[in-house]
Amino acid sequence: MDFEFSEEQKILKKMARDFLKKECPKELVRQLEETETGHSPELWRKMAELGWMGLIVPEEYGGSEFSFIDLIILFEEMGYNICPGPFFSTVVLGALPIMAAGSADQKAAYLPGIAGGEAIWTLALTEPDGRYDASGISLRAVPEGDEYLLSGTKLFVPDAHLAQYIICAARTTDGPEPKEGLTVFIIDAQAPGLSLTPLKTLVRDRQFELLFDRVRVAKASVLGEVDRGWPVIKDILDKAAVAKCAEMLGGSQAVLDMAVQYSKERTQFDRPIGSFQAIQHHLANMWMGIFAAGHLTYKAAWKISQGLPAGQDAAMAKAKAGEAYRQITILGHQIFGGIGFTMEHDMHLYHRRSAAGDLVFGHSGFQLEQTAQGLGL
Amino acid sequence: MNFDFTDEEKKFREKVEEFVKSQVPPDWDDKVVYWPGGYGTNPEMEIEFHNFCHDFVKKLGQKGWMSLGWPEKYGGQNSWLKQAIVNDVLSYYRMPSGGIAACISGPSIVVVGSEEMKQEWLPKIALGEAGFWLAYSEPNAGSDLGSIKTTAVEDGDDFIVNGQKIWSSGAHVTRYGWMLAKTDPKARKHQSASLIIVDCDSPGITIRPIINIAGKHSFNEVYFDDVRVPKKNLVGELHKGFYNVMLALQFERLAVGSGLFRRVLDELVHYARTTVSHGQPLAKNPEVRRKLAAIAIEVEVFLGYYWRSVWMLDQGQVPELEASGLKLCFTELGRTMAGLAIDILGMYGQLDQDSKRAPFNGRVCLGYLDSISGPIGAGTSEVQRNIIATRGLGLSRG
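Residue numbers (the working numbering), protein chains in the order written: chain H, 1 to 377; chain S, 378 to 775.
Excised from the complex, chain H in its bound form (with noise of 0.2 Å):
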């Protein structure tokens, strides 16, 4: 056993923590939320010259071939500083599954431009029913000669606006089983058919609905194989659910930092609000949910890492790093009083990224029912 980063990984985290706090401010995380693309290119710019987006990539096609383990680091840094942009649609939802799926082309083709930062890429999975499991797959792929025509409604689609490439879930087969006969395309965004409408979200990214009006892919843009798509987004769900967990992680982290030093600043009845025992104790709490948080997310991340099966892993970091993240903000806000209730104050941006976090990719509720069938309930 060891519980402790490598020094290269150390090195990566303190790397993350300096960079993003100097190029990505508050200020810019707020500005961020008012522009038109909720992008920055500068910073997509820079982000890349560190190699972030190829970080691993395996080195053949450009990137750095770091393990999975050491991208979940990276995503700790930017929920610790929030990071917006596209940076986890990108890889996480489009670098990951191409390169857990993808033919020996589609990795020659697509994976060079995502490590070098040219493209952006998203997913389309959930429908309107708003859910995470195979029943949930409805929009059609129907075949037309060389090519499938996709229609249905995607919904909370992740900055499809600037997306070169959206990889989407579809229905190629019905059946008494809800896991077969789905398939994954990728899609190029601007293909004919496809409409794009922006949701308004607690959070201020850019989530879309997707319209799919016979929208044609050619047969050689199915990413694994036809009916059997299920394995290819499971894995894509685990591994996203990780890294949201890992997000989520530093941002509850990045409270607890903040209120711990508020606490020893602010006074009330002549004395540091941190000599209160109330106040002791929610940050005692907030650190053991950091803790629980902290192990499952970085276990779940190692089995990924070393290739052994983690589904269950990640249905547990993902439940309790949710439920942690939303008791930490809550608990954050007791702490701050009026002050942290002001837009001008920064707690509300991490306590409206607790409810997002744990809401994609499956919520509490969803990964606990996860968990109760992987004990064999």
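None of these hints come from the bench; they were simulated from the model. Because the structure is a prediction, the values reported are computed rather than measured. Possibly wrong hints are sitting among the right ones.
Said to hold, decoys possible - With a Cα cut of at most 35 Å, we get these calculated DSBU-like pairs of lysine-lysine:
# : chain 1 : residue 1 : chain 2 : residue 2
1 : S       : Lys566    : S       : Lys387
2 : S       : Lys501    : H       : Lys264
3 : H       : Lys13     : S       : Lys387
4 : H       : Lys107    : H       : Lys264
5 : S       : Lys388    : H       : Lys234
6 : S       : Lys617    : H       : Lys10
7 : H       : Lys264    : S       : Lys617
8 : S       : Lys661    : H       : Lys234
Here the structure of chain H is known, so what remains is to put chain S in place on it, guided by the hints.
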């Protein structure tokens, strides 16, 4: 990072399991109601099981499995991880582990004891031949250990001890008291006491049982009336008792019975899968699924605290924050698990030991009671949170 055991550690675990399984009496699970995270249902405290536990602990001692974390110089293998593996397996089968002697007194003597003390006590402790109970708390000194009044006054080659201890778990089944007593009452609180070993076969000692709310005799009040304790039984430096107790507490917080949590979770999952209610297994009930899943997650978190704390010890680090978090986590988990078990068992949850139809022979009913002790003993949850905030996060005391 690495979240797995080495092959060598896995083989060692298999060896331990094989041995322990061969020693478990056939009706053990029907008799023992040990609840994870509670301090009041440990079979090692029960007079009924005393001989069995005593003999079994000696077998562990003969294998060297009580002192694996100690330095090689004192017969150990420098591996708290291996010791934790032994304890994990023992607790899964609800088997005795030698408690305080091996977990607390031995390791403390290794760190602060004189050479003479080490030579006199470590071999006996390692062999399971010396049982200890903790003589810290008094009626007026629970969380506020500084308020103890029991004195140890120097008299030639001895101390004379007068006073009273309470919540003395195991004092009725072990010989030696690991006692904090005032040796310099006029000094500042934390420089005023010393840690001494009291042989309770000495005259002047009266033990009065206290029955806990689970109906078990696990702890006692113990009265000391001019009891002579040789000065060579002083552990560490004179008047440094509080610091030595803090050191000992670190080890105490690792005395967890980790396997028992895994065992009870397994038993509850099995119960849910095999018990039918409203025409379907309980396992299909959404409330049961959700609650068991949540507990499974908390058990995983607890194991995270446990193995990390053990790993830190082996790295030569002091798991202060982590040990407080561990203690807080597992005791509150034990209480939550008891509540969950009551929910799952429904009306059957109220059936006491030896009642007709009592599932698990009443272990859930008694566990619901015993689990109250966990978040109170060995530093209350409130105190642990204070420690995390003040010593861990740097907040000041009032």
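Cross-check of the supplied hints:
| no. | hint | in the structure |
| --- | --- | --- |
| 1 | Lys566/S - Lys387/S | violated, 47 Å |
| 2 | Lys501/S - Lys264/H | violated, 49 Å |
| 3 | Lys13/H - Lys387/S | holds, 32 Å |
| 4 | Lys107/H - Lys264/H | violated, 52 Å |
| 5 | Lys388/S - Lys234/H | holds, 34 Å |
| 6 | Lys617/S - Lys10/H | violated, 39 Å |
| 7 | Lys264/H - Lys617/S | holds, 31 Å |
| 8 | Lys661/S - Lys234/H | holds, 23 Å |
Hint compliance for this structure: hints 1, 2, 4, 6 are broken, all remaining hints hold.
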